[in-house]
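Now for the letters of each chain:
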Amino acid sequence: MTDLTKNRSSGGETIGALLAKNASLHGKDIARREKERGIWKETTWAEYAQEVVACAAGLEKIGVKPGKAVLVLGDNRARLYGGMLAVSLLGAYAMPAYPGATLEELRHFLGEVEIVAAIAEDQEQVDKILELKDAGAEGIDHIIYDEARGLGFYEVEGLLSWDHLIEVGQHDLNETPGLREELLSRAKPEDPAIFLHSSGTTGAPKGIVLSQKNVLAAARNGHAAGAFDENEEILAYLPMAWVGDYAITVAAALLWRFTVNVPERQETVVRDMREIAPTFYLAAPRSWDQMLTTIQVGIENSTPLKKRLYHFFMDRAIAAETRKLNGKSGGVLEPLGRLLGEAIIFGPVKDQFGMSRLKNAFTGGEAIGEDTFVFYRALGIKLRQLYGQTENSAINAIQSPGEVRLHTVGKPAPGVEVTIAEDGEILVRSDSVFEGYFNKPEATAEALEGGWLHTGDAGYLEEDGHLVVLGRVSEVMHTAGGERFVPNYIENRLKFSPYIKDAAVIGAGLDELTAMVCVDFEAVGHWAEVNGVPYVSYADLSQREEVATLLREAFQRVNKAVTEPLRLQRFVSLPKEFDPDDGEITRTRKLRRKVVQERYADVIAALYDGSKEVHVSAQVTYETGEVGKVERSLPIREV
Amino acid sequence: MFYRLSGVHHANYVSDSRIFKVPADRNLTAFIFLIGLAAPFIIPSLYLNSYMLPWLIWTAAALGLNLVTGWAGQLHLGYAAVMAVGAYSSIHAARFGVPWEFALIIGGLTSSVIGSLFAFAALRVKGLYLALTTLAMQFVMDWVLTHSPAISGGSHASLQSPTLALLGQEITTDTGFYYVAFGWCVLVTIFMLNLKRTGLGRALVAVREKDFAAAILGVNSFYYKILAFATSSFIAGVSGALLVATFFFLAAPEQFSVAVSIQVLAMVIVGGLGSIIGSYFGVALILLVPGIVNGLVVTLSDGLGMQIDVETLAHIPNAVYGALIVIILLIEPLGLGKLYGNIRDYLMVWPFDQFKK
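Protein sequences, first through last, are from chains H and B. The UniProt record's numbering applies: residue 1 is where the first sequence begins, and numbers increase by one. The UniProt record's numbering applies: residue 1 is where the second sequence begins, and numbers increase by one.
Don't take each hint at face value.
[What the hints assert, rightly or not] The calculated DMTMM-like cross-link candidates involving lysine to aspartate or glutamate, where the alpha carbons are at most 20 Å apart (straight line), are:
| # | chain 1 | residue 1 | chain 2 | residue 2 |
| --- | --- | --- | --- | --- |
| 1 | H | LYS41 | B | ASP16 |
| 2 | H | LYS629 | H | ASP582 |
| 3 | H | LYS576 | H | GLU631 |
| 4 | H | LYS61 | H | ASP163 |
| 5 | B | LYS21 | H | ASP351 |
| 6 | H | LYS307 | B | ASP353 |
[Said to hold, decoys possible] Examples of chain B residues lying across from chain H (beta carbon under 7 Å, computed):
| # | residue |
| --- | --- |
| 7 | THR173 |
| 8 | THR175 |
| 9 | MET348 |
| 10 | PRO351 |
These are computed hints drawn from the structure, not numbers from a lab. Ideal Cβ placement from N, Cα and C applies to all residues, glycine included.
Kindly produce the complete structure, drawing on both the sequences and the hints.
Okay, structure coming up:
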């Protein structure tokens, strides 16, 4: 234990040291809850640490050691998180993957590093790993599973249950005195915490290893910036392979002793969120939009009295927030309306969605629409923006609760230095910045040139130190007329409309801008129901004339906000949504521009050659892995 | 709007099976309990012992009938007879010198034995036939009471109840009587609330829904029906005894006539089968509304200066009250309890119409 304290005093915290500290000083506090058959099973820090150490001992026995990787595959499960920590104790790479990842995507990981074991959630994921083994991943000797259902009759060598692994490890711990302490203090701050992948909007995903020092520094910076307090209640529902989830659910949770609540299933997240009422909640703008749509649809379907009361208070609150955002002061009756509204409408709405205890609410990953932003502020949720990327352990800049503006992402967090390169690129320096892309010295040299992390985002610092992010530097494009534009910026503005789920703006090297959009099936579907527009499928709905009118309005609103040469002239509503399985967007729903431009080359050509209609056959990958085609003629519409 | 559910989660099954899972329900119940406790100090004595006290005792009795009719689904038209058994046996026991605590239990047990004896015979038949058999029990009891001077003192006599004394304390004041009634009603309510979450309660509901389907599931429906009759009869017996000891002070056969049986059944049906809060409402409606309507009609006719003759005046409240029952059952056939449930649901999902994912 002596050298643990030394580590801490020198600022070199490790996951093991923190686990040991939490277990000894806060052993009885609840570290995590996992819902199982309706009951939230609680684990204390002492039990949690014991489980992780036993798992580490077990993993060591089956050959996990520094330099090797363990694949973690599944939805959020408490044991998968524990497994990742155990792998870090051993100094090996914990490599989480998106549960929906296809075989192709997983095979890509194999080429990077030797994977010796895999921790899988259930039979589905075990099957995927077995398939992967057949496809050439002989190195995966052991597969550890959490949920045993359906696996009883599998006769595969190296397949073992989590409980069995723990038993083996526990046995080892009992046999060898001092092994527990040794395991907890083995890894050094420079040792890896996690092996993630860049989203791969351009080309194949790159491996990113974050050290324990990186992720814990990010957790410290985030706390210093007021992103989270100690002992937060959080819901672990974000994909485990996303850096945001690791930074919050694992790193910050360990450092600041959060209670991590793992929902029963992905489908029950909404309900489970209500039961837990987290105090910290991070979600992508899309999720906030979706929740807003659900609330609005729910109100539209409600009884007249409730509806009227809702609109009475909500409309006033939104107007008040908008005034505040524009720097105007409110009326005399505003506090009264706020008070009554909170009791009659806002409180109950927040309660229904489990947001009544929410102190730190964040949106990150993309820009958020003004309507959505103002709505949640009006509801009394202090929604803030957070900016970061995988290379910097997710935390660069955070808005503080008091000073929130829509166009900035806040000041750089303490411990993070931000400067702007001459070409407008945002550069970052911090303890939380990674050491380099895995086995890609060229890309690393490029990204870390001059000791600064080149984020690839274009932006500027305002006079008062607030950071404004414009979009990807690589995406800054020019029209034939030489007009500079960032397609992502315009796409985000299009997506602020609840009816548009995805958009791709085209116009690089061309005379004018056009766009392809995918309508939001839920929102537009509901709109169609209410307005008596008949439809049979997504493909049908997306091409309806009435829907086109709806989309046209969204386009006109965006056109008002951009300069004359950047106005969108024409658009096509696509007959299928962009899907990560088809490769059109990444698993974090970022557009893969190149793929989209290749796949819809016909449509793009038609947008510019003056034709009225274009025949399209789009590829659809089903969940079984089969590939189908959607054939349809799409009208080209003028804005 | 009042129901806040976020943050309510259960880390073990004990917590998951608690009676009031919704904080607002728990608070409301606690509030009402406190009001009940403070009633003697806030409600004038006249109202306390002529409205509150009978309301509470009849609610306890109605809850007992609800157990057999609402939970186990067996129609019972002889409930007043069972109450009579309890009342007479308790009073006789008390007159004999048995302490009241035991006298009440003796009354309950005698009712229980006689109630289940009849049930043994009656449960060989179902539905309407059962209803008729229980009605027969009512008449047999009426006949026994009026024709056995040893029990009732004869057809026109009444039996004086000795002074009630519990825990060595003679109870003679209105407040004292009220607290006895309140305590009993709370006891029965707690029992019924717990019944819902026990194996017994679930078995009874299974028997109610379809007795042979329950039998297929391994629930011995005959056993549970008898158990329901026995338990309900115990509650009836003690309620009957307390009614005499704290309210009537005399026991007479006509206090437990067939009309009373029908009235208790009406309380249960108007309140809502299988609903605890409904029993409170149902008893209030059947017991208290006639008085209120009567008062209203008299004030109204006086105020308007209408000359209504006494006969009509006596009939109007009855007509209004009958109409009220019909209207309530038209609006909500499942009774006042369901009506309360509807309001609760409306507020539960506030401000939505239903909670959607």
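Tell me, in ascending order, the numbers of any earlier hints that this structure violates.
Structure breaks hints 7, 8 and 9.
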